[in-house]
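Number of protein chains: 2
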Amino acid sequence: MFYDMTVVQFSKMLQNLTAILNKGEAFAQSKKIDVAVLLNSRLAPDQFNLIRQVQIACDTAKLGVARLTGKTDSAPKHADDETTLEQLQQRIADTVAYLATFSEADFNQAATQHVTQPRWEGKYLTGSDALIQHIIPNLYFHVNAAYAILRHNGVDIGKRDYLGVMPYKS
Amino acid sequence: MFYDMTVVQFSKMLQNLTAILNKGEAFAQSKKIDVAVLLNSRLAPDQFNLIRQVQIACDTAKLGVARLTGKTDSAPKHADDETTLEQLQQRIADTVAYLATFSEADFNQAATQHVTQPRWEGKYLTGSDALIQHIIPNLYFHVNAAYAILRHNGVDIGKRDYLGVMPYKS
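Residue numbers (our numbering), protein chains in the order written: chain D, 125 to 294; chain W, 125 to 294.
Treat the hints loosely; a few may be bogus.
Once the Cα atoms are required to be at most 30 angstroms apart in a straight line, the calculated DSBU-like pairs of lysine-lysine come out as [what the hints assert, rightly or not]: (1) W:Lys136 <-> W:Lys201; (2) W:Lys283 <-> D:Lys247; (3) W:Lys247 <-> W:Lys195; (4) D:Lys293 <-> W:Lys195; (5) W:Lys247 <-> D:Lys147; (6) W:Lys136 <-> W:Lys195; (7) D:Lys201 <-> W:Lys283; (8) W:Lys147 <-> W:Lys136; (9) D:Lys283 <-> W:Lys201; (10) W:Lys247 <-> D:Lys293; (11) D:Lys283 <-> W:Lys147; (12) D:Lys283 <-> D:Lys155; (13) D:Lys283 <-> W:Lys195; (14) W:Lys293 <-> W:Lys283; (15) W:Lys283 <-> W:Lys155; (16) D:Lys201 <-> W:Lys293; (17) W:Lys293 <-> D:Lys195; (18) W:Lys283 <-> D:Lys283; (19) D:Lys247 <-> W:Lys147; (20) W:Lys201 <-> D:Lys293.
Distance ranges between label pairs, derived from CB positions [claimed, not checked]: (21) D:Ala229 <-> W:Ala217: 41 to 47 angstroms; (22) D:Thr225 <-> W:Ala160: 47 to 53 angstroms; (23) D:Val289 <-> W:Asp204: 24 to 30 angstroms; (24) W:Gln139 <-> D:Thr208: 37 to 43 angstroms; (25) D:Glu210 <-> W:Gln233: 45 to 51 angstroms; (26) D:Ser227 <-> W:Thr236: 21 to 27 angstroms; (27) W:Glu210 <-> D:Thr236: 38 to 44 angstroms; (28) W:Lys155 <-> D:Gly194: 46 to 52 angstroms; (29) W:Leu187 <-> D:Thr225: 32 to 38 angstroms; (30) W:Ala143 <-> D:Gln214: 37 to 43 angstroms; (31) W:Asp204 <-> D:Pro169: 30 to 36 angstroms; (32) D:Asp197 <-> W:Ala221: 44 to 50 angstroms; (33) D:Gln241 <-> W:Ala217: 32 to 38 angstroms.
Hints were generated in silico from the structure; no laboratory data involved. The beta-carbon is built from N, C-alpha and C at its ideal position, and this holds for glycine as well.
Could you put the whole structure together from the sequences, leaning on the hints where they help?
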C-alpha cells in the first residue's frame, strides 16, 4: 500500500498540478498578463510564492519516497532556481520520472524504516508515522497552496482539476 | 493501515483544525472584528466560505469512514446550519466522537469494499482507490481551504498548526 499511496498517487497529484499550472498559463494569456505575476503570487506576505510551493511539493514527493525506501542518495538534486513556468513543469516531470524508478518491492521495509531529515536533529519517525502524519499531509499542503494561489487570482480551476480522473467501476 | 489513515489521522487533522479556528477567533478579538467575518470569508467569489469548508471536511471524514467500513447508516446526520464558531467547533467534536466509535477490525474488508455515493449514479470505487484517490485528497482539500482562508486574512498560523505534533522517536 505504501507504493500506491506514494509513487502512484503522488505522481497523479503532480500531474494534476501540471494541468492546473497550464490553466494558469492559459488564464494569463487570456488576460494578457505575464504568467510570472502568478508564479510570484502568494496569499499572505510571509507565505511562499507559487514557484516555491511547486518546488516543495516536488521535494516532498521525491524525498518522501527516497527516505521511505532507504534510498536517500538516489534522489536527484535540484537547485531551486526555476523562474519560468516551463522550468517548473520540467521540475515536476523530473520528479514524476524519478518516482517511476521505484517498484512495490522497494517499499517492503517502509513501515518500519527510520525516516529522518537534518532539521530533526537525530530524531526520526517510523515509516508508517512519516507517511501518514508528515509526508502525505505535506504533499497536500503544498499542492493545495499552489491551487489556492491560482484560485484566488481568478484561474478557472475546481476540485475536478485537483482530484483528477477517478477509476470508477460499474 | 486503513484505520490509522482514517480514524486516527483524520481525528488528528480535525483537532488541528479546531486549534486553527481558535487562532482565528483570537485574531478576530485582537482586531476587534466579528469572527463571523472570517467564517464567511472565501478566496474567490465562487468558492465555499470557511463555514462550508469545515462542514465538508467533517463530512469527508465521517462519510469516508462510514463507507469504507460498510456502516453507512451509522453516520450522524448534520443539518449544515452552523453559523457560529462554537457551532462549528461542536460539529468537529461530534465528528471526532463518531470516528472514535470505530476499531481496526471494522476495516478488515475496507480494501475491497465498494464505496459509492448518490452522485456517482451507480458507479463505485474500490475501498483502496476511494481512500487514496478520493477520501484523503478531499479531506486535505477542505482542511487546506479553511487554513488558506484564515492565512489570507492574516491569522498567525503556519505549517506546525496544520501538521500538529509529530511522534518523533530518538
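Consistency of the hints with the structure:
| no. | hint | verdict |
| --- | --- | --- |
| 1 | W:Lys136 <-> W:Lys201 | holds, 21 angstroms |
| 2 | W:Lys283 <-> D:Lys247 | holds, 19 angstroms |
| 3 | W:Lys247 <-> W:Lys195 | holds, 18 angstroms |
| 4 | D:Lys293 <-> W:Lys195 | holds, 21 angstroms |
| 5 | W:Lys247 <-> D:Lys147 | holds, 29 angstroms |
| 6 | W:Lys136 <-> W:Lys195 | holds, 22 angstroms |
| 7 | D:Lys201 <-> W:Lys283 | holds, 24 angstroms |
| 8 | W:Lys147 <-> W:Lys136 | holds, 17 angstroms |
| 9 | D:Lys283 <-> W:Lys201 | holds, 24 angstroms |
| 10 | W:Lys247 <-> D:Lys293 | holds, 6 angstroms |
| 11 | D:Lys283 <-> W:Lys147 | holds, 27 angstroms |
| 12 | D:Lys283 <-> D:Lys155 | holds, 23 angstroms |
| 13 | D:Lys283 <-> W:Lys195 | holds, 26 angstroms |
| 14 | W:Lys293 <-> W:Lys283 | holds, 20 angstroms |
| 15 | W:Lys283 <-> W:Lys155 | holds, 23 angstroms |
| 16 | D:Lys201 <-> W:Lys293 | holds, 28 angstroms |
| 17 | W:Lys293 <-> D:Lys195 | holds, 21 angstroms |
| 18 | W:Lys283 <-> D:Lys283 | holds, 22 angstroms |
| 19 | D:Lys247 <-> W:Lys147 | holds, 29 angstroms |
| 20 | W:Lys201 <-> D:Lys293 | holds, 28 angstroms |
| 21 | D:Ala229 <-> W:Ala217: 41 to 47 angstroms | holds, 43 angstroms |
| 22 | D:Thr225 <-> W:Ala160: 47 to 53 angstroms | holds, 51 angstroms |
| 23 | D:Val289 <-> W:Asp204: 24 to 30 angstroms | holds, 29 angstroms |
| 24 | W:Gln139 <-> D:Thr208: 37 to 43 angstroms | holds, 40 angstroms |
| 25 | D:Glu210 <-> W:Gln233: 45 to 51 angstroms | holds, 47 angstroms |
| 26 | D:Ser227 <-> W:Thr236: 21 to 27 angstroms | holds, 23 angstroms |
| 27 | W:Glu210 <-> D:Thr236: 38 to 44 angstroms | holds, 43 angstroms |
| 28 | W:Lys155 <-> D:Gly194: 46 to 52 angstroms | holds, 49 angstroms |
| 29 | W:Leu187 <-> D:Thr225: 32 to 38 angstroms | holds, 37 angstroms |
| 30 | W:Ala143 <-> D:Gln214: 37 to 43 angstroms | holds, 38 angstroms |
| 31 | W:Asp204 <-> D:Pro169: 30 to 36 angstroms | holds, 34 angstroms |
| 32 | D:Asp197 <-> W:Ala221: 44 to 50 angstroms | holds, 45 angstroms |
| 33 | D:Gln241 <-> W:Ala217: 32 to 38 angstroms | holds, 34 angstroms |
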